[in-house]
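Q: Going line by line, the protein sequences match chains A and B. According to my numbering, the stretch in the first sequence is residues 1 to 454, in order. According to my numbering, the stretch in the second sequence is residues 1 to 329, in order.
Check each hint, because a few of them may be wrong.
Label-pair restraints from in silico Cβ distances [said to hold, decoys possible]:
no., chain 1, residue 1, chain 2, residue 2, range
1, A, N117, B, D61, 30 to 38 Å
2, B, K95, A, R234, 36 to 44 Å
3, B, E135, A, E126, 31 to 39 Å
4, B, E285, A, M63, 58 to 66 Å
5, B, E41, A, E312, 41 to 49 Å
Listed next, the in silico PhoX-like pairs over lysine-lysine satisfying Cα-Cα at most 25 Å (straight line) [claimed, not checked]:
no., chain 1, residue 1, chain 2, residue 2
6, A, K191, B, K95
7, A, K381, B, K131
8, A, K184, B, K39
9, A, K393, B, K56
10, A, K191, B, K67
11, B, K67, A, K393
12, A, K191, B, K39
Not close to chain A: a few residues of chain B, all C-beta gaps over 10 Å, as computed [claimed, not checked]:
no., residue
13, G26
14, P106
15, D122
16, G147
17, N197
18, V283
19, E285
20, K289
Since the hints were derived computationally from the structure, they do not count as laboratory data. Just so we're clear, the structure is a prediction, and the values are computed from it rather than from any experiment. Cβ coordinates follow ideal geometry from the N, Cα and C atoms, glycine included.
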Amino acid sequence: MGRKLLLEHINVPGINTFDVYRSKGGYASVEKAIKTMSPEAIVEEVKKSGLRGRGGAGFPTGMKWSFLAKPEGVARYLVCNADESEPGTFKDRYLMTYIPHLLIEGMIVSSFALGANTSYIYVRGEMMPQIRILERAIAEAKAKGFLGKNILGSGYDLELYVQPGGGAYICGEETALLESLEGKRGNPRIKPPFPAIAGLYGCPTVVNNVESIAAVVPIINEGGDEYAKLGIGRSTGTKLISAGGNLKKPGVYEIDLGLPVEEFIYSDEYCGGIANGKRLKAVVAGGSSVPILPANLILKTINNEPRLMSYESLADGGFVTGTMMGSGGFIAYDEDACIVRNTWNFARFYHHESCGQCSPCREGTGWMEKVLHRLEYGHGKQSDMDLLVDISKKIEGNTICPLGDAAAWPVASAIRHFRDEFEWHVTNASEAVSRNYGLAHYADPLPKLEAVAG
Amino acid sequence: MKVTIDGIPVEVEPGTTILNAARQIGGDIVPPAMCYYSKLEGSGGKCRTCLVKVSKGSEKDPRPMPKLVASCRTTVMDGMEVQNITSPEVIEARKGVVEMLLINHPLDCPVCDQAGECHLQDLGFEHGAAKTRYEFDRRTFEKIDIGDKIQLHMTRCILCYRCVFTADQITNTRLHGILNRGDHSEISTYISKAIDNDFSGNVIDVCPVGALTDKTFRFKNRVWFTKPVDAHRDCDKCCGKTTLWYKGEDVIRVTGRKDVYGEVEEFICNTCRFDKKKTADWVIEGPRKISHKSVISSNHYEFTPLPVVKTNPVLMEANKEQFERDTRL
Numbered sequence: 001m002g003r004k005l006l007l008e009h010i011n012v013p014g015i016n017t018f019d020v021y022r023s024k025g026g027y028a029s030v031e032k033a034i035k036t037m038s039p040e041a042i043v044e045e046v047k048k049s050g051l052r053g054r055g056g057a058g059f060p061t062g063m064k065w066s067f068l069a070k071p072e073g074v075a076r077y078l079v080c081n082a083d084e085s086e087p088g089t090f091k092d093r094y095l096m097t098y099i100p101h102l103l104i105e106g107m108i109v110s111s112f113a114l115g116a117n118t119s120y121i122y123v124r125g126e127m128m129p130q131i132r133i134l135e136r137a138i139a140e141a142k143a144k145g146f147l148g149k150n151i152l153g154s155g156y157d158l159e160l161y162v163q164p165g166g167g168a169y170i171c172g173e174e175t176a177l178l179e180s181l182e183g184k185r186g187n188p189r190i191k192p193p194f195p196a197i198a199g200l201y202g203c204p205t206v207v208n209n210v211e212s213i214a215a216v217v218p219i220i221n222e223g224g225d226e227y228a229k230l231g232i233g234r235s236t237g238t239k240l241i242s243a244g245g246n247l248k249k250p251g252v253y254e255i256d257l258g259l260p261v262e263e264f265i266y267s268d269e270y271c272g273g274i275a276n277g278k279r280l281k282a283v284v285a286g287g288s289s290v291p292i293l294p295a296n297l298i299l300k301t302i303n304n305e306p307r308l309m310s311y312e313s314l315a316d317g318g319f320v321t322g323t324m325m326g327s328g329g330f331i332a333y334d335e336d337a338c339i340v341r342n343t344w345n346f347a348r349f350y351h352h353e354s355c356g357q358c359s360p361c362r363e364g365t366g367w368m369e370k371v372l373h374r375l376e377y378g379h380g381k382q383s384d385m386d387l388l389v390d391i392s393k394k395i396e397g398n399t400i401c402p403l404g405d406a407a408a409w410p411v412a413s414a415i416r417h418f419r420d421e422f423e424w425h426v427t428n429a430s431e432a433v434s435r436n437y438g439l440a441h442y443a444d445p446l447p448k449l450e451a452v453a454g
Numbered sequence: 001m002k003v004t005i006d007g008i009p010v011e012v013e014p015g016t017t018i019l020n021a022a023r024q025i026g027g028d029i030v031p032p033a034m035c036y037y038s039k040l041e042g043s044g045g046k047c048r049t050c051l052v053k054v055s056k057g058s059e060k061d062p063r064p065m066p067k068l069v070a071s072c073r074t075t076v077m078d079g080m081e082v083q084n085i086t087s088p089e090v091i092e093a094r095k096g097v098v099e100m101l102l103i104n105h106p107l108d109c110p111v112c113d114q115a116g117e118c119h120l121q122d123l124g125f126e127h128g129a130a131k132t133r134y135e136f137d138r139r140t141f142e143k144i145d146i147g148d149k150i151q152l153h154m155t156r157c158i159l160c161y162r163c164v165f166t167a168d169q170i171t172n173t174r175l176h177g178i179l180n181r182g183d184h185s186e187i188s189t190y191i192s193k194a195i196d197n198d199f200s201g202n203v204i205d206v207c208p209v210g211a212l213t214d215k216t217f218r219f220k221n222r223v224w225f226t227k228p229v230d231a232h233r234d235c236d237k238c239c240g241k242t243t244l245w246y247k248g249e250d251v252i253r254v255t256g257r258k259d260v261y262g263e264v265e266e267f268i269c270n271t272c273r274f275d276k277k278k279t280a281d282w283v284i285e286g287p288r289k290i291s292h293k294s295v296i297s298s299n300h301y302e303f304t305p306l307p308v309v310k311t312n313p314v315l316m317e318a319n320k321e322q323f324e325r326d327t328r329l
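Bound-form chain A, shown alone (with noise of 0.2 Å):
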């Protein structure tokens, strides 16, 4: 069993309250920072855990914090992308739920490793739920004297704010929420320069995904080395897993980086295999932005190992074979799964969220919605497979913010492992509109957990 370091106390009664976490050891690694370590020894304990960006990207938090521009008389800030909005990937607001006050502790010691005296949580407009819950527990913990001035007698002053934002996917993007959270239309800016060196109102900035500050809690209190210790290679630490789809027991999991993908799947710790006993075909296993995975090779990479849940891992194979671990939503399909109309949906997303700035996202995500939703209702030709592979090269790599990426990844690889079922829908067109499902011939070979469990 994995070891939970964000999810410990999650199923205590009341430890969204201030005092019941406190009870369970809350607000010591602030206690610990502001007392007895200097900013630049927690960024340098940041650095010692390998700590990677949770949002998706996976850049080194400590690597990224050093890149912060030290202007002197330069406000500096730490904003929280709490902007949430991938589809299938839904573990910050259970964080933001359940134990809301590990996130105000993380931005505490952050913004004091940061030199910030203004912060921001940035929240998804639609999350009124959790922006309710979060100011509750900003206002509890400035009570205790968590924030505020003069922090536990220390002289260091931190404002925390949530600020809701307008409900929109591209506001996740680093740059445009900066944008949004400056009032303005929320389009990503054209970088350089980086918010590191100019970001919220021209100064610098560090954006940090939720479970990426939480993670700073357990990395303070129990040092870089330890949390190093947990994961697999450069993939350190505990992983925050939403996982959905046709699992068993879909829901949010902690796991130990490193996690055999067949384990997270099948045991009963974790999703407990696929549900109404039917056959796994098809994996994302990093959220909709991600490439789509057949079950063969999410489950062995192309050297017939293990695929393990680690950056590393399910990126081997590069996008021939491989994936990402982007910002940790599995989705699992089974056997009745249609991918065409999967593709689709994750199309008609992205060129609903496009925000217009650039040419080939603009119009190439609106293209590639068309082209597959012809084929999903029994309009499509034997060319549209390559039209949307040739429409995904010219949007990828050539658009400002990584959205283009984002909607190019799943059409191309979806038609890369399952050409045979988009051309199945141009051939059985009739069938193909009347049920919404595609071929079941690629659960195979069938998992065998006995086989990782031994």
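Given the structure of chain A, go ahead and fit chain B onto it with the hints provided.
A: Same frame as chain A, now just chain B:
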């Protein structure tokens, strides 16, 4: 600092963008730009037509950049090496961008007032495919009058944001912006209000396509049948330096003076643009020089360089460097 673009080195000031470095060299290696406008702060980076490949980052860090970069927003580093038309990857990406831009832009050039001056027309000719692969309905809009002199034809808009930057930066009120997102985005005034300030006409000049047109000129003539003449007047609002476009004896349009990249040298006021349509209002400077590559140069007074250059040994020698560059490209 030194930067090399398509094998041609050039010395530039620190902070210069790749696009502006290429413009210092000139010729075919200058990336096209639909949304960048040097006179407007913050413009560029959106249309992605100016994507280039940085094959060497700098002397200090010679690693190539992993993705194509927007040359209009990427500043040069000392020793940087850039590929524009020598990179098949760039040409392919640009072809894709042109195809995307033309998805919703109608090919109504025969009836469009911008024909002959349209950047997208030139871009499509140089980098576009022979036919489209897009088989779905295009988005269409009703024409919108934004003020008594300007018509917005959103169907032709490629959302370059230039007019938005213009309205924001050269006037003191925010008049219009972008509504909606993705391919539903559209330029609009604030709840269909008019744009009425002394410099509003400049949005027409900055529009790279025919989305914003001059209602006093619409359907009066094809631009290549007009005769452009540089003129000036003593204006209390703007520089007063303009180009008058003649049809016979009549001035049928007044615009700002545009450089080789289609950017106005200075913004002009609406009085000069819309209200001074008589020759007597102006001091005529002489015929406007038009690039021989432009369709506007047909029927006109001057065009350079003359085709005869390539048959004259003296002129050949004088232009040797240019010919070598052309051959290499």
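Q: Are the hints correct? Go through all of them and say.
A: Each hint tested on the structure:
Distance hint for N117 of chain A and D61 of chain B: a CB-CB separation of about 34 Å, consistent with the stated range 30 to 38 Å. Against the hinted window of 36 to 44 Å, the Cβ-Cβ separation of K95 of chain B and R234 of chain A comes to about 38 Å, which satisfies the hint. Between E135 of chain B and E126 of chain A the Cβ separation comes to about 36 Å, which falls inside the hinted range of 31 to 39 Å. Evaluation of the 58 to 66 Å hint for E285 of chain B and M63 of chain A yields a pass: the beta carbon distance comes to about 59 Å.
For E41 of chain B and E312 of chain A, the hinted distance range of 41 to 49 Å is satisfied, since their beta carbons lie about 43 Å from each other. Under the criterion of a C-alpha separation no larger than 25 Å, the hint pairing K191 of chain A with K95 of chain B is consistent with the structure, at around 24 Å. Among the hinted pairs, K381 of chain A with K131 of chain B is consistent with the structure: their alpha-carbon atoms are about 18 Å apart, no more than 25 Å. For the given pair, K184 of chain A sits about 23 Å from K39 of chain B by alpha-carbon distance, which is consistent with the 25 Å threshold.
Of the supplied pair hints, the one linking K393 of chain A and K56 of chain B holds, its CA atoms being roughly 23 Å apart against a limit of 25 Å. Under the criterion of a C-alpha separation no larger than 25 Å, the hint pairing K191 of chain A with K67 of chain B is consistent with the structure, at around 13 Å. For the hint linking K67 of chain B to K393 of chain A, the alpha-carbon distance of about 12 Å falls within 25 Å, and the restraint holds. As the CA atoms of K191 of chain A and K39 of chain B are separated by approximately 21 Å, the hinted pair is consistent with the 25 Å bound.
The beta carbon of G26 of chain B sits about 25 Å from the closest Cβ of chain A, which is more than 10 Å, so the claim that it is off the interface holds. With a closest Cβ-Cβ approach of about 14 Å to chain A, P106 of chain B is found to remain outside the 10 Å limit, as its non-interface label requires. The beta carbon of D122 of chain B sits about 16 Å from the closest Cβ of chain A, which is more than 10 Å, so the claim that it is off the interface holds. Distance to chain A confirms G147 of chain B as a non-interface residue, since its nearest Cβ pair spans about 24 Å, more than 10 Å.
Chain A leaves N197 of chain B outside its interface by the beta-carbon criterion, the shortest separation being 22 Å against a cut-off of 10 Å. With a least CB separation of 42 Å from chain A, V283 of chain B remains clear of the 10 Å interface cut-off, as annotated. No Cβ of chain A comes within 10 Å of the Cβ of E285 of chain B; the nearest lies about 38 Å off, and the non-interface call holds. The Cβ of K289 of chain B sits about 32 Å from the closest Cβ of chain A, beyond the 10 Å cut-off, so the non-interface label holds.
Violated hints: none; the structure is consistent with every hint.
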